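What follows is the residue order along each chain.
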Amino acid sequence: TFCKRVRANDRDYNEKFQYASNCIMTSKYNIITFLPVNLFEQFQEVANTYFLFLLILQLIPQISSLSWFTTIVPLVLVLSITAVKDATDDYFRHKSDNQVNNRQSQVLIGGILQKEKWMNVRVGDIIKLENNQFVAADLLLLSSSEPHGLCYIETAELDGETNMKVRQSLSVTSELGDPNNLAQFDGEVVCEPPNNKLDRFCGTLYWKDCKYPLSNQNMLLRGCVLRNTESCYGLVIFAGPDTKLMQNSGRTKFKRTSIDRLMNTLVLWIFGFLVCMGVILAIGNAVWEKEVGALFQSFLPWDPPVDNFLFSAFLSFWSYVIILNTVVPISLYVSVEVIRLGHSYFINWDRRMFCSRSNTAAEARTTTLNEELGQVEYIFSDKTGTLTQNIMTFNKCSINGHTYGEEQHMARVQALDFSAWNPLAARDFCFYDQSLLDAVMEGEPAVHEFFRVLSLCHTVMSEEKSEGELLYKAQSPDEGALVTAARNFGFVFRSRTPGTVTTQELGKAVTYTLLAILDFNNIRKRMSVIVRNPEGRIRLYCKGADTVLFERLHSCNHELMNVTSDHLNEYAGDGLRTLAVAYRDLSEEQWEEWSEHFRGADKATDCRDDRLAAAYEEIEQDMMLLGATAIEDKLQEGVPETIAILSLANIKIWVLTGDKQETAVNIGYSCKMLTDDMTEIFIVNGHTVQSVREELRYNGDVCPSKCPPPQAPPPSLLESISGEFALIISGHSLAHALEADMEREFLETACACRAVICCRVTPLQKALVVELVKRHKKAVTLAIGDGANDVSMIKTAHIGVGISGQEGIQAVLASDYSFSQFRFLQRLLLVHGRWSYLRMCRFLCYFFYKNFAFTMVHFWFGFFCGFSAQTVYDQYFITLYNIVYTSLPVLAMGIFDQDVPEQRSLEYPKLYEPGQLNLLFNKREFFICIAQGIYTSVVLFFIPYGVLSHATQSNGVPLADYQTFAVTTATALVIVVSVQIALDTGYWTAINHFFIWGSLGTYFTILFAMHSSILFNIFPKQFHFLGDAHNTLGQPVVWLTIALATVICIAPVLAFRFLKLDLKPQLSDTKKRKPGASGSTLGRLGRGGSRRSGYAFAHQEGFGELITSGKNMRLSSLALATFASRHSSSWIDTLQKVILNSFNISQYTVFTFFYELNESFFI
Amino acid sequence: MGKKQAGTGPLSRRPDNSAFKQQRLPAWSPSLTPQTVLPTFYILSLVCLLLGIWLLITVEYTYELKVDYTDAGTCEQCFNLRKHAIDSSTPCKCTVSFHVPKTFPGDVFFYYGLRNFHQNLRRYMDSRDDAQMVGRKNNLKAPSSYCAPFDYDANGKPIAPCGAVANSMFNDSLTVMYNPTDGSKIQVPLYRKGIAWYTDKNVKFRNPPTNNTFSLQQAFEGTTRPLYWQRPVYELDDIDSNNNGFINDDLIVWMREAAFPNFKKLYGVLNRAQGPFTEGLPAGNYTLSINYNFPVEPFRGRKELVISMVTWFGGQNYFLPIAYLVTSGLILVTAVVLTTVFVKVGKKGKNMEE
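So the sequences go chain by chain: A and B. By UniProt numbering, the letter at position 1142 of the first sequence is numbered 1142, and the numbering carries on one by one without gaps. By UniProt numbering, the letter at position 352 of the second sequence is numbered 352, and the numbering carries on one by one without gaps.
Everything labelled a hint here was simulated from the structure, so no lab data went into it. Take these hints with a grain of salt, some might be off.
Below are the SDA-like pairs computed for lysine to any residue, each with C-alpha atoms no more than 25 Å apart in a straight line [as the list claims (entries may be wrong)]: (1) A:85 to A:40; (2) A:508 to A:428; (3) A:634 to A:698; (4) A:508 to A:423; (5) B:21 to A:805; (6) B:21 to A:423; (7) B:83 to A:308; (8) B:137 to A:1012; (9) B:344 to A:1068; (10) A:1060 to B:330.
A quick note: this is a predicted structure, and the numbers were derived from the prediction, not measured.
Isolated chain A, as found in the complex (with noise of 0.2 Å):
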């Protein structure tokens, strides 16, 4: 299956097997293609295609019941827009396509290294690369500047992720070292071909006759960017549009509205109305001509090619084809593109969507979709980024049963500075309590202990660049939080070697043995550290889970356990996460007997981790309590008040996360989606399909109404936050849960509970969850993310949405929406969302009423000109209506319209309601308007006929003449179009009165224009009309009648609209202008008592042991945060270890801890 072959520096023998080059072109035409490739491309587009139809029917003389110019002169403003756009957009695609292939690269030619551009680099070529430079094609890493040929790349623009990795050179190739040698490298490799497949890549190396095997270990694709390595060589293998990041970058999804499917079926629908309008037309001309035109022959004899009425009727039936196909304009298309990218520069011009922090302003990044914001039901976020800023700030602690760092709710208190005593103390640390720095200044012992085990107990690394400039790289930001905590208060962590610990307490720097390390895990939720001071005494320092803390504490701690068992309830209250933080002294003796116990259970070679445990077990033992720590995992600002507010609107939130179950439970809290008065909370936490539906069928049980009806709103705000259930679901089960059999009652039993939380699950399972509930509940989804791992949910949902402003831009590439602050969220839907929503039906319900109004006139006069397709109006008046006279008015509407302020929409969640059960704009709606539209028709021909067909001018003149008529029709049809909109309209602003007073003068003028002797003069046989404005819009008959046909077609309306606000009024409609009484529903979400906290890391064990066996200290301080920050980003990895290692373990546990929660529940 390798079909590759790729020689070094042999270009002749690489160009055998015409590989790409390295140029790209994301562009699509060039000027001489252009016009062909972009017109044809246009005519796949049913509409254009329909268009350039009819326009091919009136170019036959029999059937064209209308000039060609009706149909062309919307067809080429339409083509000629998207045109103009496509060319603006291909100008920068090929812009960026030079700017990328005129980037300078050193390739190795004949043994020198010369500058070439990019898209000159071929496959086979060596070409080196330096600090910071962007890899410019999938290249093999050949020898590199650093040690055992590693260097490091950073993959942000390829998934995101802006950890740096590592890439390593075959050893035999690494030795290379210099160009004169590479120049002489003839290797050749066969690989795969070109694919998209970003972690895997498998090739083999044939050099000096020895094979050696590639991976994707070796690789280093185009879009990285490499980082920290003085240079490195590779050899070509992909280059241009078979590079991995290209083939990556396929043409994304094109996602379309419900709007935009129903719009289509309705279309549709009015194609089949069409073609039942032409037939029975068609039929009455048969009847006609066969019953009373044969006998008009001689007046009119019939066209050559016909010879009998069923021809004609059959030329007929295409001629009212054109004259009725504006019921479904082209420039409906192109109003409703329009109207969406008026509502998306709203959306970007939102200053309240702008986050000065970082200097971003929300983006919509599709501009096709904004209606659906109004219709939301479900959103699926993602934790880390989003619900959180992924910030641990270490914010409260209690130390021998004092508690610090309680909030001063009053002013703005000043965050402490401890700049001034401590030179290594980090900037960024905030600390608001006063009493804690006085405690240690004075030296109480306890306080000093409290923060020298957090100074000693972790596993953090730490690097020092310059003197007092400390970095730490933690494994998990909780870490990070509490040692730069005691860094602060003046215990600092400085450096660490295997054997030992150095730190500067107070000033004065420490050197700590380190005598082992009792590595954390989900089992024991602790970990320890045994020390031996400089003063040679030994001591145990602990910190972990309270719960399993507090049982291995020595009897005398009893009182002190039960204060701080109070303040980690209060801190629990608060969201916070929560340690236990203890220490034991142990006497030489003591230890000695338990290393000699411990190294007996490490050497063992059964059960060894059960032996290590026990042995752990026994020496964290009656140990003394100090404290305990409180950690905010800091949400972003404003995530309760959003959750709290878009549920108010009904939206069910579902967090997926690839946190652990607790991490993301207590997030759940902190945020408000689980409270304390919630019924049950569910957990699912099976290993296999059976126990994964035992779990979901009893909890199905226990839900008294499954997914009860959208359409029974809770009878109260109260009732609709409290009494009811949360479902949290992790990854393993998620697993069988989303297999074919089980999926529908997970789902049932999801959708249940007011808020779902799955934890471990991996991007793809994101994905499916959304498209699950995609799938069967026809709701629309919104995806919410930051990270590379969200893009998969965001590319499915209905909607994405990125977090911006961030290092990783994968999600927002991917989205449709970005900001910077996940609170932005309820603006987008409740404000936005539900404008773009109701302004979007507002206009199609009016566009399709207008349209028919204008075009049935036409049916009902067949009736009387012999169904021979005569048309009711002047042939501008046709081509002018739906481009001039009435697009502006309705336009305005739809990209200005408001039914209540802004701020009422925030106020009144339920407003949001209607886009849910898509009560504005659906099937019934749309049969309304038609049917407005069909007796406004009916009037409009009607009244006219009755008034005219007898009435004389005042002159003895009869006023029955077509002109007339079609110009008293066509006046009295815009006229009562421009009532209509104006009733529709229900915030009128400037530019809607231009519109509306501009559109009526507009066509006065514009028809005092076309019956002008001037344009008659010039072109007799087009301007016909000549002198009809005059002499119809003189007559007080004329305006009596326009005036009897609009009162006749509002009044009803009016009357209708009426009824339906006093009978049924929504809500929108009563909250137009009171202002309301809100803030209440806030409130009730406040502090709940029940603790669960526990030792809550994102850790993963073994990590200690890295340390102490000094493995890593070889390995440059990059190195080791890439295998710090594996845990965040490397999704698969993670997935699979966890999945492989602790899962099997940790699941007991984890039960057994929410099994206690549960109970906690039930009391």
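Based on these hints, arrange chain B on the given structure of chain A.
Chain B only, in chain A's frame:
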């Protein structure tokens, strides 16, 4: 977009704080309240009622008389004669008597009416050449293809005026005789000019240029008359030579196609200069004598003479006043229903708001 090229400050990308961009444009948001809707309905009803009554009174004093002469009186034989196209050149005259019950005061208008004649067929309406009839020399002898098959005659001579509309021009001539009780016969004098729109007569229809030496007949040299016409276009009016050619009033009136198959077109206006007609058309017996040329039997049509007077509002037209009255009634009913609903139910709805 919010992105500004200039400025790199911390807020450089902040969107402008303009009312437009922040969607805070000052606006008027009207809403339907009982205080506005209910009075509107009552007022509308009243306005319609008053208008209806006024119009009805006006119409009541506008008289109209229709005389169907298709096969009435002595016209039956002409009617039968015109059944057959071969006899179209045979002249036929007939008379129909009718009675005017009341004096038509003031200006009286004489119309010819046709029933079931479709001037509004698409191909019929297209079958004309406005460029030809505006007297353009080039177009005179090269009629538009839309005129086919009435563009050239069998010999290939261009037809002027071309097209089906002109070809089918109404060509009965009507004379009305007043028969006072004294047994005498007085011809009712009619103005046969000035019956078309000003713009039609002066802009839309022009003759090809003529001068003292170049007569109208010479101007039309090389063209032939429409198939169904008895005389060429430059001899339409044998009394007034200024009423010949394309600017002939009857032709112009005919060329303004009717919107519906039953229509009337102005034939003449009563000349009130002398005789018993100074006050209008006196009541009494009249005789209508017709040069019966226009065949209606083939398409089962009818022909009639319509005599009518006009007011500011035009001729007799009952539709508009009645429509206004009916509308007024319906709106009143609606208004009452709305009021009832508002009083009975609306109050409850109001409670719900709170």
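Each hint, compared with the structure:
no.	hint	result
1	A:85 to A:40	15 Å, holds
2	A:508 to A:428	23 Å, holds
3	A:634 to A:698	35 Å, violated
4	A:508 to A:423	12 Å, holds
5	B:21 to A:805	22 Å, holds
6	B:21 to A:423	48 Å, violated
7	B:83 to A:308	23 Å, holds
8	B:137 to A:1012	22 Å, holds
9	B:344 to A:1068	23 Å, holds
10	A:1060 to B:330	19 Å, holds
Hints 3, 6 from the list above are not met by this structure, while the remaining hints are.
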